[in-house]
Amino acid sequence: MAWRALRRVGPVLAPRCPLLSPPPRLPAARRLATSSLVLSARKFTDKHEWISVENGIGTVGISNFAQEALGDVVYCSLPEVGTKLNKHDEFGALESVKAASELYSPLSGEVTEINAALADNPGLVNKSCYQDGWLIKMTVENPSELDELMSEDAYEKYIKSIED
Numbered sequence: 004m005a006w007r008a009l010r011r012v013g014p015v016l017a018p019r020c021p022l023l024s025p026p027p028r029l030p031a032a033r034r035l036a037t038s039s040l041v042l043s044a045r046k047f048t049d050k051h052e053w054i055s056v057e058n059g060i061g062t063v064g065i066s067n068f069a070q071e072a073l074g075d076v077v078y079c080s081l082p083e084v085g086t087k088l089n090k091h092d093e094f095g096a097l098e099s100v101k102a103a104s105e106l107y108s109p110l111s112g113e114v115t116e117i118n119a120a121l122a123d124n125p126g127l128v129n130k131s132c133y134q135d136g137w138l139i140k141m142t143v144e145n146p147s148e149l150d151e152l153m154s155e156d157a158y159e160k161y162i163k164s165i166e167d
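Numbering (my numbering), first residue to last: 4 to 167.
To be clear, the hints were calculated from the coordinates, so they are not data collected in a lab.
There could be a bad hint or two in this list.
[What the hints assert, rightly or not] Beta-carbon label-pair distances, calculated as ranges:
# : residue 1 : residue 2 : range
1 : Asn145    : Glu105    : 16 to 24 Å
2 : Lys163    : Gly85     : 34 to 42 Å
3 : Tyr78     : Ile165    : 21 to 29 Å
Predicted model, so just to flag it, every value in this text is computed and none were measured.
The C-beta atom is built at its ideal place from N, Cα and C for all residues, glycine as well.
Starting from the given sequences, assemble the full structure and let the hints guide the process.
Next up, the structure:
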């Protein structure tokens, strides 16, 4: 719509500018498919871990609620690559100035990568818990386990219920 208005006044304001053409139209199904590949929904556990799965690999971290409750994270203990985990297995711990907290696997699978940046900068967990402060990446052995986790909306309701 804005391009139509600009197209009408464009020759008046800037005669040397070429006429603008409308943006290309993509079929609705194509737009939806593209956006779903970019955005993968985060799922949460009742122990405040989250997982986001893309192409069979899950990225795991702790929620904003958990990092705020912990305070400034000063040390991260993470498993070795190749460690096999079952759902709910303890896989590491975070230590902060306030407390220590164990980490539990949201799904069954094998650790494929750990966030090496946390060794030198564990505070990334606080600064960017959903982006740069992720903890491990793992294979997803049983995708149906994802259905047992909470959506973001359900997790927000869960947090409100435990705060009351």
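How the hints compare with the structure:
1. Asn145 to Glu105: 16 to 24 Å: Distance hint for Asn145, Glu105 holds at roughly 22 Å.
2. Lys163 to Gly85: 34 to 42 Å: holds (39 Å)
3. Tyr78 to Ile165: 21 to 29 Å: The hint (21 to 29 Å, Cβ to Cβ) holds, given that Tyr78 and Ile165 are roughly 26 Å apart.
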